[in-house]
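K.L.:
Sequence:
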Amino acid sequence: MQYLRSAFLTIALSSAAFAQSTWVVDAANGGGSQFTDIQSAIQAANHGDLILVRAGLYNGPVLCSKGVRLVAAPGVRLVNGTTSGVTLQVSGVPAGKNFSMTGFEVLHGTYNNFPGLFLTSNAGTLSFKNVRFYGLWRGMDIQSCASVSMTGCTIQAQLRCSLSHVTLTSSRVQGGVDPFRAYTNICELDQTTLVLAKTFITVYTLGSYSYVGRAVFAKASNIRLHAGADLTSVGPGDIDVLVGNGSSTLVADPSAQFQPSGNGKPYVGFQVATRSLPTLDVLAQGVGAPIALELVSPGNWLWVLQVGLSGGPLTVAPFGDLGIDLSTLLIIGAGVSNGSPVKLQIPTPNLPALRGVPFAYQTASGPWPTLEYSNVVATMLD
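Heads up: the sequence shown begins at 4 in the numbering used here, then just goes up one per residue.
Bear in mind the hints are in silico, worked out from the structure with no lab data behind them.
Note that the Cβ used here is the ideal one computed from N, Cα and C, for glycine as well.
Estimated spans, in silico, between C-beta atoms of each pair: (1) Pro370 with Lys268: 30 to 36 Å; (2) Ala76 with Ile334: 31 to 37 Å; (3) Gln260 with Thr373: 24 to 30 Å; (4) Asn353 with Ser24: 17 to 23 Å.
Full structure from sequences and hints, please.
P.N.:
Structural data, given as structure tokens:
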């Protein structure tokens, strides 16, 4: 475990990008704060800076084009209660820079024709942890983003992705429309790679009241469903779970769940491959607290655990897409699975400067010598 701690410190301290300034935002203008609104802090910040947001209600829109770290205390709400404009937009983060957001609750205005969370034209990496997004009409749009990773997030709205690479781990997407209208797609993909692990895509429910919708519609896209992926379509009538346009591909772990409406099919219009996929889950808490990891794979599979700063995706044949920046990648563990989940802990130093740093974890796993990458989990310390 001492080696793991040393590895963690090596990655953290070797990156000058995160040895930057800390800004404090407090809606109540409390002691030690520099700003009362988030936008002003972003304007003052440089790439790599840490922005700590104290509990309170904050108004959008918030616009960001920098690789900054936004870390919220419990009780932070970012809202846009109007009928126009975004609540949060991240655009133009350059290659080699990392934007991260931890612990926010983002609420979008009623019947707003703009996406509440708009991620567009980002060559750098975007990482979200424990972000809860609620949009009553338009939801989240992801366009032309090299790498978006969400861990422990809730999206209560429609998710639309184009020309992007998106990974969701231990997350939930809930959408659809009220049952008095024609159903819609909960998730729409266009020329996008979508990776799901331990993630649900389903309709929004409130008690016994349920919206209706199809889980996924994909155009010229690639979908990978790792263990714990669960996708549901809800009627009226027969609704398939995944619908592709014929040039889309689907790779699904045998444990992935498909729940169509009525006599709908699990998937149509895809080139399909079913095989066991390694699945990784990571739980990161505050600085100084251990990071818990769980790897799921069949018995007698070799696994190699890697960590580094979030990066990529970089296609590494024959393993697949690597989501770790190569210049920071370290191998911190290896073993052979016995068929039960492999559980590990990584101790972390109590360094406040580590807050919000997007560390990415990924395994290469499989029966030797045929190894394949798991889903990448980019997550941050609070």
